[in-house]
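A.B. asks: Sequence:
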Amino acid sequence: MMSRAVARLLVLAGLAAGGAYVLLPLVPDSLLPARAQTQAGQHDHSASAKPILYYRDPSGAAAWSAVPTRDAAGRDYIPVHDADEPPLAGVTPKPPAANATRKLLYYRNPMGLPDVSATPKKDPMGMDYVPVYEGDEPNDGKSVKINLSKIQRSGVRTEPAAARVLVRPVRGVGTVKYDERRLTTVTIRSEAYVEKLFVNTTGALVHAGDPLFRIYSKEIQLAQVDLNVATSAQSRGVGGLSLQTVDGAMQKLRNLGVPERHIEEVRTKGISTRTIDWISPANGVVIEKKIVNGQRLMPGDELYRIADLSRMWVIAEVSELDLPAIKEGMHAAVTLRAYPNDPLEGIVTFIYPDLRAETRTARVRIELDNRGGRLRNDMYAEVMFHAGADEAPKVSVPESAIIDSGSRQIVLVAREEGRFEPRDVKLGAHGQGYVEVLNGVVEGEAVVTAATFLIDSESNLNAALKSFTAPEAAP
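Mapping of the sequence shown onto my numbering: position 321 corresponds to residue 385, and the numbering continues sequentially without gaps.
Calculated directly from the structure, the hints in this document are not laboratory data.
Do not take every clue at face value.
Unchecked claim - Pair ranges (Cβ atoms, derived):
| hint | residue 1 | residue 2 | range |
| --- | --- | --- | --- |
| 1 | G190 | L385 | 51 to 57 angstroms |
| 2 | R235 | R487 | 31 to 37 angstroms |
| 3 | L419 | D468 | 27 to 33 angstroms |
Don't be surprised by glycine CBs; every beta carbon is placed ideally from N, CA and C.
Using the sequences and the hints given, assemble the complete structure.
C.D. replies: Okay, structure coming up:
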């Protein structure tokens, strides 16, 4: 009697002080006044009519909380209700139903076990069974539905499939080489003796027409005499010599490699010099020198090798796996180790038909302009090929959207109202964090790019429930 009287006094005192709601948890419902019970029932009904999914940062920052809290400035987090939840990217939300009240179907095990109940209950660990409302029940297996609050808390993100140009970088290492088409060898075609060298060092820069060395050759000497005799006889009109005879004598000198300007000088002036200056046939740098002063030369001896350095090659080594992505005519960025901050742009002009057995790499030739003279033979270079830059746009999705089980690849297509449909896809080229989808997804469909394994696990859970629980067993 005393305790019941004390409780009643406390209730009356709390009501008088305006603190009835604070003291309600401490007093049994049978001791509450009828007005207080009515107000509490009305408050609970209004709160349940608009459930709170989570609380967001009042400043708009990417911060959320499952329970009421405050930021560093002491401001309360703003509650976000079901109707305020923003839709996923690329998904058009359905208009709200006319009747917002949903029918409670049954309660399922919170751990995902195949156990349902028609009434609220707890599992052996003391966890409440999860209510399943109409529209949230396990479906026909073609899609999976997840509560919007769980989607938000789990960080599910989506992105529409779109047509993109997929540029995939392919790396290789290379070496700078001379352009083989710009190499010239200097030889003579008769026996001769070197009387003077004009270019006597390797690395010397020469121009076409510059004298390289001076020689005496008996055969060239006799050919000059024949041309003088033919020219003189033709001019006097004796011996029956014709123009063809003069041309034949000139051709003999050409066959011996005598420069054309020297032949013309012999024909017009009627001279026959004992020695002749051999001139450079091309512009470039002397990269090999095999001649010394006083040397006896034999026909076919290689005396100089001259390289035109205005264009150079880079021979790049590319992995056998990356070879299908390399095409002739594609651009490549070449970074020399001597100039790491100044890459050069080149063009792939040839892919060699063989592989190196030791490294399983293919050789790719890239041509570079070298009018600045920075490229030197045997320099090391790093090569970056822009594979796919010249191809048409392809329907692609982010690589993070792919669930790869090894035998199959799946993406999760976002539908309306938190539904996600798994799709088998066939993949193509990769590039810049995206992958081409050959079939399974069309342009514009939204795919899940983050928290895919959460949805995948939920799908597996629904499949387990469906296999253990018949649809008609649900209350």
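A.B. asks: Taking the CB of R235 and the CB of R487, does the distance hold inside 31 to 37 angstroms?
C.D. replies: The hinted range 31 to 37 angstroms holds for R235 and R487, with Cβ atoms some 33 angstroms apart.
A.B. asks: Just tell me: holds or violated, for the beta carbon distance of L419 and D468 against 27 to 33 angstroms?
C.D. replies: holds, 29 angstroms
A.B. asks: So the hint says 51 to 57 angstroms: do the beta-carbon atoms of G190 and L385 match that?
C.D. replies: Since the Cβ atoms of G190 and L385 sit about 55 angstroms apart, the hinted range of 51 to 57 angstroms holds.
Checked against the numbered hints above, the structure violates none of them.
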